[in-house]
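All chains, full assembly: derive it from the sequences and hints.
Single-letter residue listing:
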Amino acid sequence: MTPKVCLVVREFGAFNRAWTQILRNLGIDYTLCTAIGNTTGANIQTPQGVFAAGSPDLRNYFRQFDAVILCEHSSNLNDTSRINYSVFWMSWNDLEDPAFLFFNPHFSAAITESAYNSNFPSDFPIVRPDPSDIAGALYAADGGSAASFSPLAATITGGRGACILFLAENIRAHVMTICNTHTDNIPYYWRLDTAKHSTLASTTYTHRVARNGRAGEILAVPAPPSSSEDTETYPNDCVIAYRYRNCFWLPNAISRRQDVANPNNPFLFWLLYGLQLAVVRPRYKLPVQVETDHPLAALLPDAPFNHAITTQLGILEASWDYMRDFARHKNTAIVNGVTVGTKYRSIGSRFHWHLLYSTSRTQAERDAAMRVHQILVAGHREGTTPCGVHDHTIGGGRGYWAAATNTGFVRHNGLRYGAPNDVPIARGRCCVAPHVLPAGVAGADAQTVQVGDTELVEWDIPTSGTGTTFDLPMGSIHAARIIIESEIEEMLALGFPDGYCAGHKYTNTASNNSGGECYWQALKEFGFRGVRSGTACGAGTKRVTPNRYWNGFHLVEEMPLDIYSAVTAGYSWGLYHPSAPSGGDAVRFLNLDHSSDISSGWTTNPALAWRAYRRVLCMATGRWLGTTAVTLGGAYFHPIECLVPAAPNRVMERFDGWGILNAANQPHYNHVVELLENMDAVVRLLPEYLYWGTITDVMDHRERVMGG
Amino acid sequence: MPVRFLKNASELADVSWETPLPVQVTNAKPVPADTLLVATTFVTTDANRDLLGSAATELPTLDGCMQYRKLVWFYFRAGADSTNYRVLARATDHNGAPLGAGWQELATGTLPGNANSWNRIEIPSTGDGYYDQYRIEVQRTAGSNYLLTSKIVGVR
Numbered sequence: 001m002t003p004k005v006c007l008v009v010r011e012f013g014a015f016n017r018a019w020t021q022i023l024r025n026l027g028i029d030y031t032l033c034t035a036i037g038n039t040t041g042a043n044i045q046t047p048q049g050v051f052a053a054g055s056p057d058l059r060n061y062f063r064q065f066d067a068v069i070l071c072e073h074s075s076n077l078n079d080t081s082r083i084n085y086s087v088f089w090m091s092w093n094d095l096e097d098p099a100f101l102f103f104n105p106h107f108s109a110a111i112t113e114s115a116y117n118s119n120f121p122s123d124f125p126i127v128r129p130d131p132s133d134i135a136g137a138l139y140a141a142d143g144g145s146a147a148s149f150s151p152l153a154a155t156i157t158g159g160r161g162a163c164i165l166f167l168a169e170n171i172r173a174h175v176m177t178i179c180n181t182h183t184d185n186i187p188y189y190w191r192l193d194t195a196k197h198s199t200l201a202s203t204t205y206t207h208r209v210a211r212n213g214r215a216g217e218i219l220a221v222p223a224p225p226s227s228s229e230d231t232e233t234y235p236n237d238c239v240i241a242y243r244y245r246n247c248f249w250l251p252n253a254i255s256r257r258q259d260v261a262n263p264n265n266p267f268l269f270w271l272l273y274g275l276q277l278a279v280v281r282p283r284y285k286l287p288v289q290v291e292t293d294h295p296l297a298a299l300l301p302d303a304p305f306n307h308a309i310t311t312q313l314g315i316l317e318a319s320w321d322y323m324r325d326f327a328r329h330k331n332t333a334i335v336n337g338v339t340v341g342t343k344y345r346s347i348g349s350r351f352h353w354h355l356l357y358s359t360s361r362t363q364a365e366r367d368a369a370m371r372v373h374q375i376l377v378a379g380h381r382e383g384t385t386p387c388g389v390h391d392h393t394i395g396g397g398r399g400y401w402a403a404a405t406n407t408g409f410v411r412h413n414g415l416r417y418g419a420p421n422d423v424p425i426a427r428g429r430c431c432v433a434p435h436v437l438p439a440g441v442a443g444a445d446a447q448t449v450q451v452g453d454t455e456l457v458e459w460d461i462p463t464s465g466t467g468t469t470f471d472l473p474m475g476s477i478h479a480a481r482i483i484i485e486s487e488i489e490e491m492l493a494l495g496f497p498d499g500y501c502a503g504h505k506y507t508n509t510a511s512n513n514s515g516g517e518c519y520w521q522a523l524k525e526f527g528f529r530g531v532r533s534g535t536a537c538g539a540g541t542k543r544v545t546p547n548r549y550w551n552g553f554h555l556v557e558e559m560p561l562d563i564y565s566a567v568t569a570g571y572s573w574g575l576y577h578p579s580a581p582s583g584g585d586a587v588r589f590l591n592l593d594h595s596s597d598i599s600s601g602w603t604t605n606p607a608l609a610w611r612a613y614r615r616v617l618c619m620a621t622g623r624w625l626g627t628t629a630v631t632l633g634g635a636y637f638h639p640i641e642c643l644v645p646a647a648p649n650r651v652m653e654r655f656d657g658w659g660i661l662n663a664a665n666q667p668h669y670n671h672v673v674e675l676l677e678n679m680d681a682v683v684r685l686l687p688e689y690l691y692w693g694t695i696t697d698v699m700d701h702r703e704r705v706m707g708g
Numbered sequence: 001m002p003v004r005f006l007k008n009a010s011e012l013a014d015v016s017w018e019t020p021l022p023v024q025v026t027n028a029k030p031v032p033a034d035t036l037l038v039a040t041t042f043v044t045t046d047a048n049r050d051l052l053g054s055a056a057t058e059l060p061t062l063d064g065c066m067q068y069r070k071l072v073w074f075y076f077r078a079g080a081d082s083t084n085y086r087v088l089a090r091a092t093d094h095n096g097a098p099l100g101a102g103w104q105e106l107a108t109g110t111l112p113g114n115a116n117s118w119n120r121i122e123i124p125s126t127g128d129g130y131y132d133q134y135r136i137e138v139q140r141t142a143g144s145n146y147l148l149t150s151k152i153v154g155v156r
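First to last, the protein sequences are chains A and B.
Take the first sequence: its letter number 431 is residue 431 in the working numbering, and every next letter is one higher.
Take the second sequence: its letter number 129 is residue 129 in the working numbering, and every next letter is one higher.
Rather than coming from a laboratory, the hints here were simulated on the basis of the structure.
Do not rely on the hints blindly, as some may be mistaken.
[To be verified] The list that follows gives simulated cross-link-like pairs (lysine to any residue, SDA-like), each with its CA atoms no further than 25 Å apart:
{"id": "1", "chain 1": "A", "residue 1": "Lys-285", "chain 2": "B", "residue 2": "Phe-5"}
{"id": "2", "chain 1": "B", "residue 1": "Lys-151", "chain 2": "A", "residue 2": "Asn-547"}
{"id": "3", "chain 1": "A", "residue 1": "Lys-285", "chain 2": "A", "residue 2": "Arg-17"}
{"id": "4", "chain 1": "A", "residue 1": "Lys-524", "chain 2": "B", "residue 2": "Asp-93"}
{"id": "5", "chain 1": "A", "residue 1": "Lys-285", "chain 2": "A", "residue 2": "Lys-330"}
{"id": "6", "chain 1": "A", "residue 1": "Lys-4", "chain 2": "A", "residue 2": "Gly-213"}
{"id": "7", "chain 1": "B", "residue 1": "Lys-151", "chain 2": "A", "residue 2": "Pro-47"}
{"id": "8", "chain 1": "B", "residue 1": "Lys-151", "chain 2": "A", "residue 2": "Gly-534"}
{"id": "9", "chain 1": "B", "residue 1": "Lys-70", "chain 2": "A", "residue 2": "Arg-548"}
{"id": "10", "chain 1": "A", "residue 1": "Lys-196", "chain 2": "A", "residue 2": "Asn-170"}
{"id": "11", "chain 1": "B", "residue 1": "Lys-70", "chain 2": "A", "residue 2": "Tyr-549"}
{"id": "12", "chain 1": "B", "residue 1": "Lys-151", "chain 2": "B", "residue 2": "Arg-120"}
{"id": "13", "chain 1": "A", "residue 1": "Lys-524", "chain 2": "B", "residue 2": "Met-66"}
{"id": "14", "chain 1": "A", "residue 1": "Lys-285", "chain 2": "B", "residue 2": "Lys-70"}
{"id": "15", "chain 1": "A", "residue 1": "Lys-330", "chain 2": "A", "residue 2": "Ala-364"}
{"id": "16", "chain 1": "B", "residue 1": "Lys-70", "chain 2": "A", "residue 2": "Glu-455"}
{"id": "17", "chain 1": "A", "residue 1": "Lys-285", "chain 2": "B", "residue 2": "Val-3"}
{"id": "18", "chain 1": "B", "residue 1": "Lys-151", "chain 2": "A", "residue 2": "Thr-20"}
{"id": "19", "chain 1": "B", "residue 1": "Lys-151", "chain 2": "A", "residue 2": "Val-260"}
{"id": "20", "chain 1": "B", "residue 1": "Lys-151", "chain 2": "A", "residue 2": "Glu-557"}
{"id": "21", "chain 1": "A", "residue 1": "Lys-285", "chain 2": "A", "residue 2": "Thr-155"}
{"id": "22", "chain 1": "B", "residue 1": "Lys-70", "chain 2": "A", "residue 2": "His-329"}
{"id": "23", "chain 1": "A", "residue 1": "Lys-285", "chain 2": "A", "residue 2": "Ser-346"}
{"id": "24", "chain 1": "A", "residue 1": "Lys-285", "chain 2": "A", "residue 2": "Arg-24"}
{"id": "25", "chain 1": "B", "residue 1": "Lys-151", "chain 2": "A", "residue 2": "Gly-213"}
{"id": "26", "chain 1": "B", "residue 1": "Lys-70", "chain 2": "B", "residue 2": "Leu-106"}
{"id": "27", "chain 1": "B", "residue 1": "Lys-151", "chain 2": "A", "residue 2": "Thr-155"}
{"id": "28", "chain 1": "A", "residue 1": "Lys-524", "chain 2": "B", "residue 2": "Glu-11"}
{"id": "29", "chain 1": "B", "residue 1": "Lys-151", "chain 2": "A", "residue 2": "Arg-704"}
This is the structure:
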């Protein structure tokens, strides 16, 4: 049976292409139908003709689908119409009718259209939002503060959400959640009419989506606090998600805006959950995986934590032990970009090789680093923490071809491209395709070079000489080969059996610079299948190929999950810190301090730490899901930069507000543990849609669903 | 007994949702055109902003386009506000490095179309392209900012 859904949209001028991209990635067939108008009199344009919204013809047309999805919503409760035409569908509840998925639906009491109100089911158990009496009809959510923008417009920052309790699954998870909003920019959750719900919950109802065999079912509610510190509670009649017969009343899923298919859709959990509730069985599940950059690194012992190097490495050791164990149990692989290059091209004292072997480090520091390193090597060999090259020593610290020339480049010794071999370092002065090259023209140093589909004979090629140090023009395959070989040589010297994450044949590039064609070709020559890459990928003159798939080589889109700004801070000061620099804590970096409702009372109201915790987890998980479901990309974080807010003597403790303090006397927070466990809750909630996979699964899936 | 097949030349895989049997589509005609870009651009008075919002003048909007004889730029503009556009192109060597700095200007002028109108521009307007890199810039010269939604198709 082919999964198939119908999307009903009013205006393509405000249609977010993430809707259809996600369905394509899941292998769910879809049909787009257009509502010609907002009112009950609107016709629905379908591929089989135009039908009145309440007509038997439309009802019969809908019956070919597993689910009908309403894509429209409003951010103004005063609107008198938005999806009024859908009111008829709430009464199409027969076994043959599809599930109807309403995300952030507009069913305000401000709707005056008589045909809407007379057809609205009298036993519907959620109180209709009333803009003239918001407090009596809705519950202000997530602190009830106003954002400076519509909360539905959150992309990769500015999120709102809660810890949600999913009742049937008995799972708690932090997900971006807004049931309705208004011009006041406050997120709201719904109020349940408990008498009507009680009647529905005791009424037998048969439909494939009624898993409890009843006409009404509360699906999700705000989770009760897990700490007495957390005073942000909701009344017992507050609901997040509800099934009314075969109609699902769900929070916002995809922002209503003209946009391309990008990962900036942090609410999409609710789309996946709705599809699963509607028993839409996708052809494919989506692999969930995560990456890190710099799995072994250290920071200067600066404020506010002033961690000694050994303390930092102790935090890393405990966290990596946990991550390796997590990956083993969940059958995933946490891919890591090991900072290489420092064996030959030192750029400071805080990276992998230097921490292990530099005599400027104390023996205790080197020993602590070795303990982390051994976890990584063992994990690489067993498949839980595969590691690949990640070189910040070139291109001014920004990786492959991030500068036109790498002045004073230091290469490795031995192998094919190392000293003392005299090897090409730049493109030949003359390059001619072999099939049009006249005999006897090419110089004595001629060699054939292939980049992608192009094969040329080059001669008059600048070479390195026998020395180790020279200025290296970065924009050629010759430079790429030298650089990549030196990186792999260092990985081997570190004890890794390869430089490309073992069987995954992948790595995440430094600064997400993948270099361009010559680097992709050289990486292929060294056995790579793909790399993580930003769209602007090197030297300020390069973009990745339009489809991010170059001659069988994957250019996986990036999505950071960090909780600090690498530009303004360099590491995280925790969830929030009153003295943090701009972007220096998670709340500031992710723009989560709505109406100053975290910063203004941080030192006096312990509940605000919990608010910050919830928002950070919702936002980070939303980013991760966006890249998992829309762009099939690679989400990543920097371990030590995100882990210094953990309490060094209680590293693996879960967040407990002000009950556990870190070295800055602020709430302890371990980003690794919290993020992985929250995403695991999401994966467990969506067994038909997500699974813990690997970057290989991601690349396999890209090949499966991507166009040519 | 599960049905198995040879996957990736060396791996035996069970037939499942995740690993369907490989099939060859018969009677399929090659598609001579590819969608290269779909982007929504907020058109402002900023100078040198391309369709991806970048003002870095050496950064291409599209790269790796040598296989395309022509690009077709479809766009829908939400505003009629007066806007200039420039289409730039250049070739790279086989390593992907531009042969030099700067660009060849293929087209420039006032962006055609009214508010909420559909439009189409061929790149280049005459002859063939086969350039490796293109940069397409838009700059509003009067009125208010508006959204420009573009699709660029590469024709082989």
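Take the C-alpha atoms of Lys-70/B and Tyr-549/A, compute the straight-line distance between them, and say whether it is at most 25 Å. holds, 21 Å
Lys-70/B paired with Leu-106/B [C-alpha distance capped at 25 Å]: Holds. Lys-70/B to Leu-106/B sits at ~12 Å (cutoff 25 Å).
Are the Cα atoms of Lys-285/A and Arg-17/A separated by 25 Å or less? Distance of about 20 Å is within 25 Å: holds.
Would the hint linking Lys-151/B and Asn-547/A be met if the CA-CA limit is 25 Å? holds, 13 Å
Hint check: Lys-151/B vs Thr-20/A, CA-CA at most 25 Å. Holds or violated? The given pair, whose Cα atoms are some 16 Å apart, holds under the 25 Å limit.
What's the verdict on Lys-151/B and Arg-120/B, does the C-alpha distance respect the 25 Å limit or exceed it? Judged against 25 Å, a Cα distance of about 10 Å means the pair holds.
Just to be careful, I want the Cα atoms of Lys-151/B and Pro-47/A compared with a cutoff of 25 Å; is the pair within it? The hint holds at about 23 Å.
For the pair supplied as a hint, Lys-151/B and Gly-534/A, confirm whether the alpha-carbon distance does not exceed 25 Å. This hinted pair holds, its Cα atoms lying about 21 Å apart.
Decide if the proposed pair is consistent with the structure: Lys-330/A and Ala-364/A, CA atoms, cutoff 25 Å inclusive. violated, 33 Å
With the threshold set at 25 Å, check whether the alpha-carbon distance from Lys-70/B to His-329/A stays at or below it. Answer violated: Lys-70/B to His-329/A is near 51 Å, above 25 Å.
For a C-alpha distance cap of 25 Å, please report whether Lys-151/B and Glu-557/A respect it. holds, 20 Å
CA of Lys-285/A to CA of Val-3/B, is that 25 Å or under? holds, 20 Å
Of the numbered hints listed earlier, those contradicted by the structure are 14, 15, 22, 23 and 25.
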